[in-house]
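Respectively, the protein sequence lines represent chains A and B. Counting from 1, position 2 in the first sequence corresponds to residue 25 in our numbering; the numbering is continuous, with no gaps. Counting from 1, position 199 in the second sequence corresponds to residue 629 in our numbering; the numbering is continuous, with no gaps.
Everything labelled a hint here was simulated from the structure, so no lab data went into it. A quick note: this is a predicted structure, and the numbers were derived from the prediction, not measured. All C-beta atoms in this analysis are idealised placements derived from N, C-alpha and C, irrespective of residue type, glycine included. Mixed in with the good hints there might be a few duds.
Unchecked claim - If you want a taste of the chain B side facing chain A, the calculated C-beta under 8 Å gives, among others: (1) A457; (2) T459; (3) V460; (4) G599; (5) F658.
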Amino acid sequence: MKRHLAAVAILLPLLAACGDANQRLVNNDEYGDYRNGRARNRPQGASAGLVVFGVDKDREAREAAAAGTGLSVNAYLWRATLDTLSFMPLASADPFGGTIITDWYTPPGAGSERFRAQAYVLGRQLRSDGVRVQVFRQTMERGQWIDSPVSTATNSEMEDKVLARARELRSQSAAR
Amino acid sequence: MRKILLGTTAVVGAALLAPSFAAAQEAPTVRIGGFFRAYYGYTQQSARNSTTPSGLANNTAGATANLAQSSLTVGGTTVPTTESNVGAGAGEVARLSKNDFSTDAEVHVFVNGKTANGLSYGAVIEIAFNQQEGRNIVQQRASTGKTTASIDEYYAFIASPTFGQIRFGDEDGPVGGLMNSGVITNFGTGGVYGDRESFVTRQGNDRTTTSPGGLGDNTKIIYLSPQFFGFDFGASFAFNYGVGEDTGCSSNQSSGWCDSSYAFTGASNFGIAAAGPEMSVRRNEYQGALRWRGSLAGVGLSVTGGYVGSGAAKELSPLNVQRSIFQPLGVWQVGAQATAYGLTVGAQYEHGTSNFFWGNPMKGDRPMDQFFAGASYTVGPITVGGNYVMQTVEGASRTAYGYTGGVLTATPNPAGAGLMRRLGYGIGGNYRLAPGLDIVAEYSSYTIAERGRDLDPSNPGVQDRSTAKVFILGTRLAF
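Can you make the complete structure from the sequences, with help from the hints?
Right, here's the structure in full:
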């Protein structure tokens, strides 16, 4: 019996080594953890936690992916902001400072009001507070454009649109 | 045989250390993670109060003489002293509230690196703060708190995509937690296998369950294969039940407390692991598990079959006569689970020679059967689920062992052989407030029953049924 066990113990790893494309290393996260399921709730599995010594390669990779090239702000947020505001004419876009300013725009059928937007992409990280959108509105009164208040929800709705688009872009690039 | 074995090992070693492909070396990183949890618990337990003084349970030592101070006799009248009411010795009674808070935390240290030839390596050290179940009062004004730091698990690993992973250290085995399927515990605190033990007292015996993790994280060497065609397997070996660095010997004379003892006086008391020190008669433990994971028509499937076996330490009389009184541990396990659209269902069945806590049963005792089923459903940040476990196992063992004049005597249990039934279920849910931060609520119940046997000698009469019901509400943070 012992001899058979020894043979099996030697053979199985050798057998395992004979795999090819159908073979992969099982990640540490894929083994159960029956200390009452507590540690399994770690947000990012084995790459969770604070690195106290050494270089955090995962984080570097994440940030590099988010940063793209030639941009000093998050590429997804930048692209998403451009996409979202593209229905307005663009006045200026500075990818290093992270600002996008549109020109005045009058929606079709609303002749007496016009809008302008400023967007700031705030950093390299793809995070929900990484973009700020400010919408300005003017209305025509007695032949003059007068500043008018914008509904408070408009700015955050625009930000939400940007974030949704950024998420879309990120998932597209991740799927590739 | 030996030569062939050594030769083969050398070849494997060489192949393992010199893969044909090159990969960039990575300096090791050290990460800190862990969890904290705090719960409120409401406990209804049939054996919660003790009303009749009774003897100490097996494997628990009485308090030192210093603590168990006798009452004073003043003028012929016995007056209890404050110290005599501390309640550590046998013969005292207590009434317990149903309400309590419980906190627990672990700090985990993860070391990860990669060698120039593509081997990843590292270590995991899990520092726990629940070493002691009870207060350890050595003498007045000298006690150890319940929150003493200790090690839950620690091990080093080396892994290669070609040859898999070797873990070496104090860690669960393939059957004892790493590769099981069908044990659904991903809701609440884990249902019947959850944190209910934090609130249930040992009196009445309805605290301990046979969860996969209960098999123990004794020091072992573990091989975990790569996955190929959906299959992976694991195997482990441990010499004994001991953990950690030292020998475990409690005095200058070698005794059963030493980790590596294979025959000792009083072994018959340790079929069930002693509460506290990681001590049991389990020796030469081996585990093997084969797992398949894949998906069929969008349903994620996982199936595991496994076996755990071990020998047992023998009883050694003071006259140096050695006698085998335990059966080898040998439990088969098969489990399966399926996941689709957030719904996970699973079941597991175990059969083999074991007592109610993964221990070696006495010779002649009946085998253990256990069935577990569970389901959970996750939608957005909410997970709800339930699980159920049913076990039949030998109750009071058929034989009691003792020494008369240094000679081991076997006495048949006068009550005869009793079948113990252990039934439990848990339902619960958690709401994820943020990644890693959960609010949990759970209700669980666990009952043990053995016809005719008094499970709770600390209360009058024969109570052959004992139930503990626990409601838990709290929060848990994993980081």
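Checking hints one by one. Is F658/B an interface residue toward chain A, by the C-beta closer than 8 Å rule?
holds, 4 Å
When the nearest CB of chain A is found for V460/B, is that gap smaller than 8 Å?
This hint holds: V460/B lies near chain A, its Cβ roughly 4 Å from the closest one there, short of 8 Å.
Does A457/B meet its interface restraint, that is, does its C-beta lie within less than 8 Å of any C-beta in chain A?
holds, 5 Å
Quick one, is the G599/B hint okay against chain A at 8 Å, beta carbons?
violated, 14 Å
Does the CB of T459/B sit less than 8 Å away from some CB of chain A?
With a minimum Cβ separation of about 3 Å from chain A (threshold 8 Å), the hint on T459/B holds.
In the structure shown, a violation is registered for the earlier hint numbered 4 alone.
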